[in-house]
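Asks: Chain by chain, the residues:
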Amino acid sequence: MLVAPEQLALYIFLGEKEMLEYSDWQGYKVSFDGELFHICSPWQVKGVPVFGPDSDYTTLALSLIDLMKSNKVLIDTLSSNGSDIDLQVLKVATGIEEISEDGEWKLFCHEFASLSISKKSEVTISKPRDLTEIDSDKYEQINLAWETETALVNVSQGAYISSQQYNESLNSRLNLMAQFEDKAIWPPRQLNNDGSIIDEPEIKLKKTCLIESWTKLSAAGAPSEFSIRAPILDGISTAYVLFSEGTRGVFLLTDDEKSTPAIGLSGEIVIRRIYSQEGEMRYGTKVRILN
Amino acid sequence: MVDVAIIGAGQTKYGNHSSGLKGMWAEAAKNAFDSVDQNFHPNRIDEAFIGSVAFGGSQLGNTAALLTEHSAMKGISVRRVENACASSGFALRDAWMAIKSGQADVVVAGGIEKMNDLTPERKRFWLGVSGDTEWERLAGLTFPGTYALMARRYFHEFDSNHDDLVNISVKNHMHGFENQQAHLRKEVSFEKAKGGFMVADPLTLYDCCPTSDGASCVVLAADHVVKEFTDDPLWLLSSGAASDNLALHDRPSITQLMATQKAAQSAYTMAGLSPADIDLAEVHDCFTIAELLATEDLGFASRGEGGKFARQGLGKRNEGEVCINPSGGLKSKGHPLGATGTGQAVEVFKQLKGTVEPSRLVRDAEIGLTHNVGGSGATCAVHIFGRERNA
Numbered sequence: 001m002l003v004a005p006e007q008l009a010l011y012i013f014l015g016e017k018e019m020l021e022y023s024d025w026q027g028y029k030v031s032f033d034g035e036l037f038h039i040c041s042p043w044q045v046k047g048v049p050v051f052g053p054d055s056d057y058t059t060l061a062l063s064l065i066d067l068m069k070s071n072k073v074l075i076d077t078l079s080s081n082g083s084d085i086d087l088q089v090l091k092v093a094t095g096i097e098e099i100s101e102d103g104e105w106k107l108f109c110h111e112f113a114s115l116s117i118s119k120k121s122e123v124t125i126s127k128p129r130d131l132t133e134i135d136s137d138k139y140e141q142i143n144l145a146w147e148t149e150t151a152l153v154n155v156s157q158g159a160y161i162s163s164q165q166y167n168e169s170l171n172s173r174l175n176l177m178a179q180f181e182d183k184a185i186w187p188p189r190q191l192n193n194d195g196s197i198i199d200e201p202e203i204k205l206k207k208t209c210l211i212e213s214w215t216k217l218s219a220a221g222a223p224s225e226f227s228i229r230a231p232i233l234d235g236i237s238t239a240y241v242l243f244s245e246g247t248r249g250v251f252l253l254t255d256d257e258k259s260t261p262a263i264g265l266s267g268e269i270v271i272r273r274i275y276s277q278e279g280e281m282r283y284g285t286k287v288r289i290l291n
Numbered sequence: 001m002v003d004v005a006i007i008g009a010g011q012t013k014y015g016n017h018s019s020g021l022k023g024m025w026a027e028a029a030k031n032a033f034d035s036v037d038q039n040f041h042p043n044r045i046d047e048a049f050i051g052s053v054a055f056g057g058s059q060l061g062n063t064a065a066l067l068t069e070h071s072a073m074k075g076i077s078v079r080r081v082e083n084a085c086a087s088s089g090f091a092l093r094d095a096w097m098a099i100k101s102g103q104a105d106v107v108v109a110g111g112i113e114k115m116n117d118l119t120p121e122r123k124r125f126w127l128g129v130s131g132d133t134e135w136e137r138l139a140g141l142t143f144p145g146t147y148a149l150m151a152r153r154y155f156h157e158f159d160s161n162h163d164d165l166v167n168i169s170v171k172n173h174m175h176g177f178e179n180q181q182a183h184l185r186k187e188v189s190f191e192k193a194k195g196g197f198m199v200a201d202p203l204t205l206y207d208c209c210p211t212s213d214g215a216s217c218v219v220l221a222a223d224h225v226v227k228e229f230t231d232d233p234l235w236l237l238s239s240g241a242a243s244d245n246l247a248l249h250d251r252p253s254i255t256q257l258m259a260t261q262k263a264a265q266s267a268y269t270m271a272g273l274s275p276a277d278i279d280l281a282e283v284h285d286c287f288t289i290a291e292l293l294a295t296e297d298l299g300f301a302s303r304g305e306g307g308k309f310a311r312q313g314l315g316k317r318n319e320g321e322v323c324i325n326p327s328g329g330l331k332s333k334g335h336p337l338g339a340t341g342t343g344q345a346v347e348v349f350k351q352l353k354g355t356v357e358p359s360r361l362v363r364d365a366e367i368g369l370t371h372n373v374g375g376s377g378a379t380c381a382v383h384i385f386g387r388e389r390n391a
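Protein chains in written order, with this note's numbering: chain A, 1 to 291; chain B, 1 to 391.
Keep in mind that the hints were calculated from the coordinates and are not lab data. Ideal Cβ positions, reconstructed from N, Cα and C, are used throughout, including at glycine. Be a bit skeptical, because a hint or two may be false.
[What the hints assert, rightly or not] Derived DEER-like restraints, expressed as beta-carbon distance ranges:
no.	chain 1	residue 1	chain 2	residue 2	range
1	B	S58	A	G47	52 to 62 angstroms
2	A	L152	B	R122	14 to 24 angstroms
3	B	E69	A	E278	32 to 42 angstroms
4	B	K186	A	L144	38 to 48 angstroms
5	B	D163	A	N192	35 to 45 angstroms
6	B	S266	A	F180	30 to 40 angstroms
7	B	R122	A	E147	16 to 26 angstroms
8	A	E147	B	E178	44 to 54 angstroms
9	A	F180	B	R122	35 to 45 angstroms
[Stated by the list, open to error] In silico negatives: residues of chain A with every beta carbon more than 12 angstroms from chain B:
no.	residue
10	D24
11	V45
12	M68
13	S70
14	I96
15	E122
16	D130
17	Y139
18	F180
19	K258
20	S266
Please work from the sequences and hints to get the whole structure.
Replies: Structure follows, in structure tokens:
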């Protein structure tokens, strides 16, 4: 349930005056001062901040909460003014069980592809500098593609992954939760070689990985789940990666427009939109090339 | 233990077929029946196993009942066998086991797929249903993608590059050029294959097999009834099969297919043969890298030497120790998923009996092998055939 509509979020342009110092985090720009945590998209179209091709308020929120956790900031309860946040995904990915009207921390979805979390009842945010301009035509095309894909009348031509099946593995998918038997096991498995049930996932894989192979599929070769967006993106890239815990996975690449993958490069795992099925957005993990 | 012979084999031409499922299957079955030397009537068939993915969802249930109803096999025990692209390789194994067990004397194994009457979107949906849908497919992978990951990793680990795959493509197009049953009957130059449209980097269009319509059928008989039908049977010496993790990321290595290695070892041991004894092999080259890996996994080249094997042209017809894909393979002959496994057996049957087009006959061939892989290596069936009952 989305709550606390009275929370006030101000997003103001202060000309050349920069109010916050921004740094890069999981492909976004972030700033924080202990009481206010802010995250925004690094992209803009004609000077206006916009989401990237696989980001939205949910992915921003997940990334920002991950930043807070990495800074030892505990969030027990949260309230949100954002109707665009997928609360189920938020709960599963962050472990925050209580999202209520009187949450200690308040989540503010601002205009212009940005979001804040603070204990204050209102926040004022400045526009970050140094956003990267992206092609406006491509941006419009991607937005239209997402609209088409997420429409209830759109029947995905993709492999059918039911909501139940998606939700069953969501914790492992978003949090990289792995089972352990002598070594890490990810994605989760059922019985071991002795026929015994493997324990539930209990360890969290580190979010860094090593690229062991990669490919870029042409739009014609991409899965039909991506048939609307792949032509606009000029195909989609996938990496086969090794985690430091010894297990492997395959992930779509994100933010790879200006970087060429290579075997041996490091990557970080981030949460992004994957595709939409039956009007429901499916989130998952992708790899950002680091070096 | 009963020995098993192949007494007949036939198929449709692969490609864009004007007939539907029933027509294609009837054509393949009739060609197989007509190829039996003498005294054959379909009422002698005890059992039938038909491999198919049921691509497109057409007649997904009770496929075999419908097809056998239309091919003079009505009333017998039948079933569809599904193991992705290895469906009819496993249908052949099931037929072999039915005779070995003593439960049947004459058995049909076949396969069928109708792939080219769908929209591009539906086709891509069905091309992806046999991979790991939950993790790999949502990471953007179809089979061109999974095999591209294997290829790039192979180039990284061993002395090989894309030119080696180009050589495989050129060879298979050369072999398939004179095969009247082949889908893509055209020779391709090294330069053209090297510069093909990039489908899944580093694999180009010329590294990928086509999607084909087609059906294939073989007739197997127990040793004690063979003489009723022929004085010159082909013996199915052994059958090996295995499986592996469905997803690449669950395997210890992506530059070898453990299912192929296990299936091959089983087949070699059962036949009392080694890779050096094989004169020709129909291997599963859904992508050129798959043939390169197969030459290693089947023991024709040492680990890491598959690229060199291809570079030196050791798999060319009548030039090396073993002819790899004399039919043109999946690359040129075509790949109607469920039909491919028994289609490979049809080629070996005709090669070893000397009934292929004379210009593409593998000379002095006595022993042949088929290698049929499901998906990116989750399933594999290997069969060895010989002119002599005890090779």
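Asks: Of the numbered hints stated earlier in the document, which are not met by this structure?
Replies: The structure conflicts with no hint, since it agrees with every one listed earlier.
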